[in-house]
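**Student:** One-letter residues, chain by chain:
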Amino acid sequence: MALLRLEQVTASYGNIQVLKEINLEVNEGEIVTLIGANGAGKSTTMRTIMGLKHCDSGKVWFGGEDITNCDTRIMVQKGIILVPEGRQVFPKFSVKDNLVMGAYLRPDEEIQDSMQIVYELFPRLKDRKDQLAGTLSGGEQQMLAVGRAMMGKPKLLLLDEPSLGLAPLIINEIFEMIQHIRTMGTTILLVEQNARVALKNSNRAYVLETGRIVLNDAAEVLLNSEKVQEAYFGGLN
Amino acid sequence: MLLQQIINGLTIGSTYALVSIGFTMVFGVLELTNFANSSLYMLGAYFTLMLYNATGHHFFVALLMSIILTGIAGYCLDRFALRRLRRKNAPKLAGLITTLGMSMIFDNGIMLIFGSESKSFPNQIDLGRFYIGNAIVSWTQVIIMVVAFSLMAILSIIVYGTKLGKAMRSTSQNVEAARLMGININSVIAFTFIISGILACISGTMVGMYYQTVDVNMGTMIGMKTFAAAILGGVGVLPGAVIGGLIIGIIETIAAGYISTGYRDAIAFTILIIVLLFKPTGLFGQKQINKV
Amino acid sequence: MKRSFLTMGMAAVVMASLITGCGAQKPDTGNNSAEISEEKTEVKSEGGEETIQADENQTDDMGKNKLAFFLPLTGDLMQYGLSLQKGAQLAMDQYNEENGTNYIVEFNDDKGDPTESVNVANKIIADETVIAGLGSFNSSCAMAAAPVFEENKLLLLSPTASHTDFPTMGDYIFSCVISQKYEGAMFAEELMERYGDDKKAAIIYQNTDFGVQATELFAKRWEELGGEIVANEAFVPGTTKDFSPIISKIKTQEPDMLYISANYSDAAQIFLQARNLELDALFVGPATCLNEEFIELVGSQIDGTIILSTNPCFMPSVLENAELDANTEAFVKSYEETFDEVPDGFAAQSFDAVNIMMQCIEKVGTDSTALRDEIAALRGFEGVSGYDMQFNESKEMIKGVYVFEMKDGNFYRIN
Chain A
1 MALLRLEQVT
11 ASYGNIQVLK
21 EINLEVNEGE
31 IVTLIGANGA
41 GKSTTMRTIM
51 GLKHCDSGKV
61 WFGGEDITNC
71 DTRIMVQKGI
81 ILVPEGRQVF
91 PKFSVKDNLV
101 MGAYLRPDEE
111 IQDSMQIVYE
121 LFPRLKDRKD
131 QLAGTLSGGE
141 QQMLAVGRAM
151 MGKPKLLLLD
161 EPSLGLAPLI
171 INEIFEMIQH
181 IRTMGTTILL
191 VEQNARVALK
201 NSNRAYVLET
211 GRIVLNDAAE
221 VLLNSEKVQE
231 AYFGGLN
Chain B
1001 MLLQQIINGL
1011 TIGSTYALVS
1021 IGFTMVFGVL
1031 ELTNFANSSL
1041 YMLGAYFTLM
1051 LYNATGHHFF
1061 VALLMSIILT
1071 GIAGYCLDRF
1081 ALRRLRRKNA
1091 PKLAGLITTL
1101 GMSMIFDNGI
1111 MLIFGSESKS
1121 FPNQIDLGRF
1131 YIGNAIVSWT
1141 QVIIMVVAFS
1151 LMAILSIIVY
1161 GTKLGKAMRS
1171 TSQNVEAARL
1181 MGININSVIA
1191 FTFIISGILA
1201 CISGTMVGMY
1211 YQTVDVNMGT
1221 MIGMKTFAAA
1231 ILGGVGVLPG
1241 AVIGGLIIGI
1251 IETIAAGYIS
1261 TGYRDAIAFT
1271 ILIIVLLFKP
1281 TGLFGQKQIN
1291 KV
Chain C
2001 MKRSFLTMGM
2011 AAVVMASLIT
2021 GCGAQKPDTG
2031 NNSAEISEEK
2041 TEVKSEGGEE
2051 TIQADENQTD
2061 DMGKNKLAFF
2071 LPLTGDLMQY
2081 GLSLQKGAQL
2091 AMDQYNEENG
2101 TNYIVEFNDD
2111 KGDPTESVNV
2121 ANKIIADETV
2131 IAGLGSFNSS
2141 CAMAAAPVFE
2151 ENKLLLLSPT
2161 ASHTDFPTMG
2171 DYIFSCVISQ
2181 KYEGAMFAEE
2191 LMERYGDDKK
2201 AAIIYQNTDF
2211 GVQATELFAK
2221 RWEELGGEIV
2231 ANEAFVPGTT
2241 KDFSPIISKI
2251 KTQEPDMLYI
2261 SANYSDAAQI
2271 FLQARNLELD
2281 ALFVGPATCL
2291 NEEFIELVGS
2301 QIDGTIILST
2311 NPCFMPSVLE
2321 NAELDANTEA
2331 FVKSYEETFD
2341 EVPDGFAAQS
2351 FDAVNIMMQC
2361 IEKVGTDSTA
2371 LRDEIAALRG
2381 FEGVSGYDMQ
2391 FNESKEMIKG
2401 VYVFEMKDGN
2411 FYRIN
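Protein chains in written order, with this note's numbering: chain A, 1 to 237; chain B, 1001 to 1292; chain C, 2001 to 2415.
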């Protein structure tokens, strides 16, 4: 049974249908990527899973349970945590306080241990733990956002455009972390405009075009597919 | 005379501060200008008066019940009017107009029930006066200031020292990120409104005791002043609201004493404008630190 | 679906408010909300005699037998209009009873709106049975209607319009209220007579036309009589609650007397705060304080305060304690019997207005010009709203001053 399953999910903004009967699956232990052009509906998919966006029809299943249109709080409780597009750290809190917020729904005793794990994962955060999050660099903020999400001990981690606005070296670092997180036992679904990096780091991928899933295969296959290359890699390889 | 004016200014300023805090908190958490805050202030005073008469003059019982009622009023304002707007993703302006409308409903409701004349208000803390140099200080004033500052201290502890307080502060920084942490945003907002109501109620009651009267204009008068105080201190910043309230209270009292009563409000607002010219985010406001 | 329901609901609410709104604003001129004075053509007679129709005899040769009032019977000033109405009705009924006549008082609603007053005035002058017009409650309405009366040479007597310019609007225009021109000066004289040793006065006044004029004239006369004005501070009424800055400032001047012009709620604040700040002076307050609400606000905290007024006070506590002259006692008693409540100053004023008119009509008949001269010659009228009432050469009303002192939270008349 898949950990996460979207079944005929439809969502719209006003009269415009943005997601048109999406079907996708993420199995435990996988890294699955959703790629597509701007406006294809990638972020909307994430937000719909997370309860931030209303799902008009269809169902979202998590671990066999129907979580369609539940409150975001419940998603977090059940173990789905989203790292939103644009990082969205709390700028006036320190790195440490941001991390503590990530464990909001967890018992206080477990916070210290979780923080240790995150600091190991992201040593740079440990160095800057008292710095105000708003003053961190883009890459550091991304790490903080991911670390904060990890504080919640997610079963499924959703990442919305983790590479956005980051330098190539940093992007590599981030994706190394993502791999590492997977080995820690967290399943990952990520959404990316930078198709090449994403596909290189995933098991499977879906291609989303104007709200519809048009391709669905192993990441390697899609990486080498000419169609995908033309459309999403800008012709370069 | 200067000392006398300062003491009077501090007293009235601390009542402004209490109401300002509620106002600034709602703004911080919701980015909403709550025009109904000053109505809660008047509502609180009138509730206390009504209950005082109804319970056969048991003041503190009346005050307690009034605090609860005003807190509920604050909650209802959010729950039944503003929450719906949030759910429908209405533009911020709709919320603002709603609070304006609710404010008129509250104010006129009180006027219909109580009539437009001033009403006498009991002063339970009239314990006499004493001198500091040439200035006369009444115990009423002292108690008002002590209560106000204690409340501010308690509130600071809640906001900066508890988990709920942290939730409030995260919500005010980034509401979506806060939601993603699993925070129940509606509860946080409701809590903020309830606190606004409680603070406004206590402030209104204390001012009622201080002047020994309440009237239906009290809300309007204080609305503008606390709005200005919050902006002066940096809207959304708690200590800013406190300092802003005190400054406005002192400035307007001194202006009334040394220049003219007619100009007291004009002078207070002029100071506000001057401060904003030099520091647009207010005395304690910070520029938004938001790198993407 | 939900939306159209909501729209219908809102439409219903709007309709309902329109209907009730219309209803509240449409009393006919001539109708009024009180039970009294339903009749325009009946007369109260004793002993169950035949009811007499108005058109029959007992009106004079010119067929006139009506005093036409215009006043606010609806709107914000409604309560005052009703008081005026009751006083006038009582006066007329008593007069008719005593003299076996059947003069009529007619009451027209001007809603407290000057435009409406003009409309009503036009209606009144077109009515040939009218001897004279009386009204309105407030100066703006009375002054709006005055030209209509003056042009048509019909007498207009206002029971309560107090604007100094009102009597100057024409030969046929009179007011029963003492002009402010004289009130301030008379108060100064009265105070100087009683408390002549304490010459330093501090003034706090409300920043309205009324407040400015009232205290200016007081100050002028006070200084003419040898007094000194050590402070003269204005405030904006209704928005100020904290008078301590002004009071502290005044305190440094060490006045003997604090004289104020304000409405009763502001007056209460000023006096209470002055007492709290231990301002050691005689407090002198305005007539607006002579009511229950003021007493409720100050209790017995400002005993010793003096209130000056050119109208008597009808508060139950004052009536109990004062020695009333026969006229006032009779007035109060019959008013209480008829309306089951204590009269107020306004009812007293319209009572006097009607009686003044009737006294003059008795002497010279209903010819407007003769009446005008007779009223202008009024001297020493002992009314229930003042003693020694008379008109001076400029047709302005002069009457005596009442002095009240507060003791144990009650007003006592001390002159």
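Quick caveat, the hints were computed from the structure, so don't treat them as lab data. Using N, Cα and C, we set each Cβ at its ideal position, and we do this for glycine too. Just so you know, not all the hints are guaranteed correct.
Claimed, not checked - List time: in silico SDA-like cross-link candidates among lysine to any residue, alpha-carbon distance up to 20 Å:
no. : chain 1 : residue 1 : chain 2 : residue 2
1   : C       : Lys2249   : B       : Ile1250
2   : C       : Lys2249   : B       : Gly1285
3   : A       : Lys53     : B       : Asn1174
4   : A       : Lys96     : B       : Asn1174
5   : A       : Lys92     : B       : Ala1135
6   : A       : Lys200    : A       : Asn216
7   : C       : Lys2200   : C       : Glu2150
8   : A       : Lys53     : B       : Val1175
9   : C       : Lys2064   : C       : Glu2150
10  : B       : Lys1163   : A       : Asp130
11  : C       : Lys2249   : B       : Gly1133
12  : B       : Lys1088   : A       : Asp56
13  : B       : Lys1163   : A       : Asp108
14  : A       : Lys96     : B       : Lys1163
15  : C       : Lys2249   : B       : Ile1251
16  : A       : Lys92     : B       : Ile1251
17  : C       : Lys2249   : C       : Asn2291
18  : A       : Lys92     : B       : Leu1283
19  : C       : Lys2249   : C       : Glu2224
20  : A       : Lys96     : B       : Gly1165
21  : B       : Lys1163   : A       : Ile74
22  : B       : Lys1163   : A       : Asp56
23  : B       : Lys1163   : A       : Gln112
24  : A       : Lys53     : B       : Ser1260
25  : A       : Lys92     : B       : Ile1158
26  : A       : Lys155    : A       : Tyr13
27  : B       : Lys1092   : B       : Met1111
28  : C       : Lys2249   : B       : Ile1158
29  : B       : Lys1092   : A       : Lys59
30  : B       : Lys1163   : A       : Leu105
31  : B       : Lys1088   : A       : Asp108
32  : A       : Lys59     : A       : Ala2
33  : C       : Lys2249   : B       : Ala1135
34  : C       : Lys2249   : B       : Gly1165
35  : A       : Lys96     : A       : Asp127
What the hints assert, rightly or not - Selected chain B positions facing chain A (Cβ under 8 Å, derived; list incomplete):
no. : residue
36  : Leu1112
37  : Lys1166
38  : Ser1170
39  : Gln1173
40  : Asn1174
**Student:** Okay, which hints does this one fail, numbers in order?
**Tutor:** 2, 5, 7, 16, 17, 19, 22, 24, 26, 27, 28, 29, 31, 34, 36
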